[in-house]
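If you read the protein sequences in the order shown, they are chains A and B. Mapping of the first sequence onto this note's numbering: residues 1 to 260, in sequence order. Mapping of the second sequence onto this note's numbering: residues 261 to 520, in sequence order.
Worth flagging that the hints you see were computed from the coordinates, not collected in a lab. Please read these numbers as outputs of a predicted model, since none were measured by experiment. Yeah, the Cβ is synthetic: ideal placement off N, Cα and C, and Gly gets one too. One thing to keep in mind: the hints can contain errors.
Taking beta-carbon pairs under 7 Å as the criterion, some of the chain B residues facing chain A (in silico) [claimed, not checked]:
1) 341
2) 345
3) 401
4) 404
5) 476
Derived BS3-like pairs (lysine-lysine); straight-line CA-CA distance at most 27 Å [unchecked claim]:
6) B:413 to B:398
7) B:316 to A:39
8) B:332 to A:39
9) A:46 to B:485
10) B:336 to B:381
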Amino acid sequence: MFVLSPLDFLHKLRVQLCRPAAAEAGWLPVTQSVRHGSKAVTRHRKPIHILKQKLLAVTKYVPPTPVVPKGAYPSERQEVKEESGFVLLLKRELKKLFQDYKMVAVAQNCNSNAEDMRILKHRLHRHGIAVKFFPNQVMCSFLSDSVYSNMAPLFIGPTVLFVSKEPKVKEMLTSLRSSPQMTLLGACIDNTLLSAQGVVSYSKLPSVSVVQGELVSGLAMMTAHTASMLQRHPAHLSALLQQYVKQQSSEEAPKAEEAT
Amino acid sequence: MAATLYTAWAVGGLTGVCRVNGHQQGPLHCHLKVLVAGLQTYEIPPDYSDVVLPAKPKLKFVNKVPNLKKPKREPKKLRDIQGPTRGADSFTQGQYGIVALGGGYLHWGHIEMMRLTINRKMDARTMFARWCISGPYKPITRKGLGQRMGGGKGAIDHYVTPVRYGRLIVEVGGKVELEEVKHILTEVAKKLPFPAQVVSRESLAALKKKHADMEQNNQNPWTFKQIVQGNMLGIRRVVSPFDVHHCGRFSGKFHFPGRV
């Protein structure tokens, strides 16, 4: 007769006692132990069954791959940034500038000293040309809204504006030639955009009074010629008229032949 | 405003130094260099006029032992740590809080640490704090030192509060922003016995949304739920009913954020 094991053994091993009903029933082992692993909630990460590991590996999260990698193209939505008061102030200044000043020239300055700048400003001031600085971003946003949008590509890098009420291009070019740091990029003179070469050729143009004189003389040329002809001897005039009549008749004859 | 005043002074100072005749003098025109400074724009601070602070803003003292006439010994029932919370996972009064990212037991020492740290560091005039967990109520028994196995269950040693994944521990609110409160709550969150995170209302909603998005846009054609519910390959042999319910996202007290 098997003695009942003490309580603590029962707790730990859960021994099952099994007695055959009769000696002829067969032989069963005296003790049967039931294995139990650690509990479901443990302080450590429990080792996972290999099949469950495989299941977890197969059912992993797969994120969607973007068709276009991030950063390849700029975002479609353009962030509309509210312009600060300073930017608005600068834009008002620019508007006034384009209204008041006839000549607005853009130049790029590379490494000009304060002293060079001062000398240049003094030289230009003698001819009534002012030097202005504006941030490129503000300039570009102003130009894109205004009529002068084609000037926008000029404003890249450190730029300076030379503005004057009268288009004194020759004086400006002479001053700029003395300072090697300044490179003229373009100008807007009398609402006409000019490139650097255009500005040079503009400077070579004769002044307005000269051109006006030429125009007047050209118009008046015919009348002056006739006046001079009338002043000559009448015999000369009659000879000229006879020659003219002959020419006319000689022209009419071949025309009549052609007609027939 | 301070920046503009400084630049104005700087300009004034510099223009005073270099006087160029007849040039326009003004805050926007500097003779020596390009003014790069702009206006300081200030963000409008948030409006806290509708926030009501309670009469007692600090965290209340929590008892070490619940007020019971006859404390009964309870079985371990570790399933009160397992899995996600059944409730108390959203904000009620506060704006910012600590959320548990794993399961664990909070005992009186943890609660005192939280109470003392938060009460000491918070500003009672502008913010308030509130417990989201109850005081310790679950009795934990311990046997004496050097005792052999057996002889019955031990005596109650202390009490704990079980906490599951996703539960809010403490809430803080008032006329404050997250940055003012974050350093206090992170200090507390690091000392808790389970992984915890400082959240605001928006960030908690974002966390939940992130999981929902992951479930939505999972590119893997095989999901844990599908395989286990259909008992494919007889996988239920190694997958517990708890895992079937929670789709392999939890194992004991641990939570796997990558699982979907």
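We went through each hint and held it up to the structure:
no.	hint	in the structure
1	341	holds (5 Å)
2	345	violated (15 Å)
3	401	violated (15 Å)
4	404	violated (16 Å)
5	476	violated (10 Å)
6	B:413 to B:398	holds (15 Å)
7	B:316 to A:39	violated (43 Å)
8	B:332 to A:39	holds (23 Å)
9	A:46 to B:485	holds (21 Å)
10	B:336 to B:381	violated (36 Å)
When the structure is compared with the earlier hints, violations turn up for hints 2, 3, 4, 5, 7 and 10 and for no others.
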